[in-house]
Amino acid sequence: MCLIEKLRNNSNLLREYNKIIKEQLKAGIIERVTPEMQKQGKSYYAPQNAVFKANSANTKVRIVGDSSSHQKGQLSLNDCLFEGPNMLRTAPGLHLRHRIDQYPIVGDIARAFHQVRLQEKDRNVTKWLWVEDIEKPPTGDNLVEYRFTRIPFGMKCSPFLLAATIRHYLLMAASILSIEIDKNLYVDNIMVSTNYAEEVLPKIKGIQEEFRVMSMPVREFGTNYHPALLEIPEADRAESHISKFLGYSWNTTDDTITVLIPEPSVNRPTKRDIASFFAKTFDPMGYSAPLHVKIKKFVQKIWQNGLEWKAPLTDKLNKEWEIIKQQYKDTALVIPRKLRQKYHPNEKPEIVVFCDASQHTYACAVYIVYRHPDGSVESNLIGAKSKVRPSSGAGWTIPRLELLAMEIGMRYTESLIHELPEKDKPVSLDIFSDSMIALYWILTEEQKKQWVNNRVTTVHEVDKTIKESGMEVSYHHVTTDKNPADLATRGIDSTSLQNCTFWLNGPSFLSEPRKNWETKLEGEIQCPIEDRDEVNLEMRNTSKTKNTSIRQKKRAEAMANLVLVETSVNATVSTSKKSKQTTEIYTSFVPFEYTNSLSSLTRITNMVLKFISTVSKNKTLQSEPLKEYTECNKTTDTVERETRQRKLARLTVFTEHYKEAESRDWKFKETLNPFQSKDGLWRTKKHYQSPNIPLETSEPILVHREHKLAVMLMDEIHKENVHLPANYLVTALRSKYWIQTDGRLARSTISRCVACRKVKSFPFLYPYNTSLKENRTVPSTPFAKVGLDFFGPLQYKNKNETELEKGYVLIYTCLTTRCTHLEICADSSTTSYLNALKAIFAQRGVPKYIYSDNAQTFQLGERILKEDIKSYEPESRLINFLAREDINFRHITPMAPWQGGVYERIVGIAKKQFRKEIGKQIFSFPELHSIMKRVEGAINSRPLIRNPVHINDVPVLRPIDFLLPAVLLEVPNDTDNLKGDILYDPTVSTTEKETREHLKKMDRVMEKLWKIWSTSYLLLLRENAKRNNRFSKVSPRVGQVVLIQEEMLPRHTWPVGRITKLIGTPPLVQSVEVLYKGSIKERAVNQLIPLEIDEEQETIQTPEHATTSRIPHKVNQNESRTDNSDHKITSTRLQPPRRAKEGVHYSLDSDSE
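Residue numbers (full-length UniProt numbering): 1 to 1153.
Hints should not be assumed to be uniformly reliable.
Unchecked claim - Label-pair restraints from in silico Cβ distances: (1) R540 / K319: 13 to 23 angstroms; (2) R641 / S511: 23 to 33 angstroms; (3) A332 / R219: 18 to 28 angstroms; (4) S1079 / N888: 19 to 29 angstroms; (5) K301 / P1055: 18 to 28 angstroms.
What the hints contain is simulated information worked out from the structure, not anything from laboratory work.
Note that the structure is predicted; figures quoted are calculated from it, not measured.
Glycine is no exception: its CB is placed at the ideal position from the N, C-alpha and C atoms.
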């Protein structure tokens, strides 16, 4: 009655509503309830309501039932229904895929819900009341009961029932188009796309055909390729060039997307009006996010103010509202639909996400970047999120909000990447933030407080997931003026937003090469000093205590060595008599063993000297270096003061190393004519002097070769000169320093350098099998030991010859006889693979061993096949045999195809033969199957041994001879006189005797075949190609850090992993398990390059010298450091067998002499 009274206020609406009911009754969507129907299950009356959509092209009025209504204390219909799982695709995913390809196609299912029928036993729960005559009151005989025969609106299970019904029919169709429709269907909205104009019309007709089977007409087709629309009936086209697609308006003529912007009211609004205005904005992709920043904050402020729902805004709030209204100057935001104007096949994009936060808002903006072959770059916004920080709770600092922005940025980007089609998956993800504090929290391994730790953990989990998909993930710091996410935290008016390329296309540096972008942050970064206080607020106290205790321990060790400073180095106070000379070895206060970096050692020494000069302010300093260091404190210029102090600290490092060497009786050779300069450094004179060269070149500084300083100095020069090779490194060293045996030291430094090893080192030696395994050399029945592989895809026409499908060929080859069976599969799925394999078993028998690679199809097929064979119930002799047998599956090492060379060779032969047969032609599936069998015959007819040249040579052996040995038998002659045979027996029939003779001849032929196989074929297998690959002398071991070779990536981007398990017994280890990218994978050893150095320096050998052992020369430490003679130690370095190296011998002092 309420509905009728409401509709009677507008007689046109009442008549339109009644007309819809009559039409549905005539169409069978609803039916009148009869007394017989009352007994068909339980009843429920749902109040009806009318939903009017004035902008709808077809359904202006919809009848929607309120299935959630109930009497007091009773259950509603929706309370009793199971909602079902959510089978809807995400709207952001459909919007993103709508923009990816060049030609999208959209359509609408006519009355989708009313196309799915209800069972009669369930229809009584959809009953409702109406009137026979709308002009009469709703009483007595004028009341009519109706019930739905189809799914009505308003039931919470209706979306699931519709989606499940459509999904069922699409899965039954199992075509490429049905799969695409299933991925891009949202309730009754359909979207498919293509990059080729000629495919638009076939896809439209294909959609109509798919839904015609379901009795669901599809209408309102829209596409930006208008010639295709002219080929379909006008009733199926959209009424205008503007199509509605999930809340956005798509102009198919201009190919633009319009985001509608609501128009604020003129009068003073109420709290309800503000909420209604804000709710009118529908922008799931966030294209207009900067426009709504202030209104979001304003809505939060109104709710905090405690206004009543219908109360008007206060004067203060109204003034603020008037300012916000000025931002809504336009009624729409128009953006291009295409993400790239130039289309190139197989072009992979990049994803870039910017994150930022202000005092009240945090946001992210995601961009997709295409780099075209012609050098041009296109970048476009694909999604954004902007959120107001929670009003409750304290401690919402800007660094926390910046971290929150990075969290939602990573999660949102992950969801967008997941929605992209496989062909458009990006190759890299770059995350930009203008907060070094947030970046430090993410990249540091220090323990953090719970809230920050939870956000960082989420970022790390998303980072790991994205990296496992094969993408490169990088973090960058960006200034605020180059961060477009800043607009989504501060706000911008609609006019400025429409013209803002900075927001819609991203900053200008995106068009530059990635190597020119803002600094990439890797590993653990150092926190800026000015931000340390804010960082420490979120760090755990345990970490601070631990770091403090470590620093105190190091300081105590340094203080223990300060006694030596005052007594023997820089005596400042003591005036007592000198003690008698002792033979104790002097240990400097400079911690040479603390670090391997000369720069770090200089910094530590600088801190120690600064501490000494500070505590000795009121004391008389006698040490000249300390006096000079203290004088530096009087310099007002900070840069100049720090520079002078660091130079003095470096000078102290060298002088201290001389004192340690003197206490150990290490001396320079007299032939160097060493002398001490004014700065306290020992030098040697060279035979050339010039005012154009620095002093150090003509008078280089001497450094003891035995001291660790020599190693650190060589390492510093090696890194400063961008990792020079040994000869150039020695030259660079001698321009300022002189170290005996600097050539050997240079080679040792390069061999320890991980960066150099990543570029120049060789992989482990791969122990190839020197003898064939028994599965190749022991006679067996054909197809008892087989190898499996796929090749393809091969295109073929479907049944209607309207579309092309992709098929694959399963290669099934015998390892012993080299017989081959080819079976074509409709696709590369595990189901097709199993069906093909079972068909082969029916023809060739069940094998004992199956060898294959690690394709997922083969691994899953192995598990299913084993379960099927063991769980079959015997029904025939074949099933009995399959159930009794068990197959041994053997998988080769991943990424090591040479281990399956037996069947990989057949793949090459089959591919070549197929191309000869079909060329570029496309056949139907039966024709392709016929061609495949001809190719199989050609492969099985190939000779396994050399063809005979002379008449007495061994006859040629072919794989088909083992399958059909009868082809070598002579045909029985009908003219033979059997009665003249002395062995003729009249009691034995002629047919039986001929059969026995034929069987005897077959046995003789098989014996002859296996004899040829043993004497000729196996001899050919002995010939083995000699491999002269260069390899590392280091053997693989558990825990070793290695560089993992990836064929599709440049060497400098290869991942680093750690060996966790050796597969095999050393030294015959062919593969290992490696932990990298968060998971353990099996790899061949010749794809792993060792990065760690053993105690013995590794050498590079060729296989013919691999067995030569290298004996390192070990020298007694005391003897080598106290012997002052020119004694030379014979080198045992293994020399490569090259003429250029003959006569060259290395000793400890040959390089500097």
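Tested hints:
The beta-carbon spacing between R540 and K319, approximately 46 angstroms, falls outside the hinted interval of 13 to 23 angstroms. Checked against the hint of 23 to 33 angstroms, the C-beta distance between R641 and S511 comes to roughly 44 angstroms, which is inconsistent with it. Restraint check, A332 to R219: a C-beta distance of roughly 26 angstroms satisfies the suggested window 18 to 28 angstroms. In this structure, S1079 and N888 meet the distance hint of 19 to 29 angstroms, their C-beta atoms being roughly 27 angstroms apart.
Distance hint for K301 and P1055: a CB-CB separation of about 50 angstroms, inconsistent with the stated range 18 to 28 angstroms.
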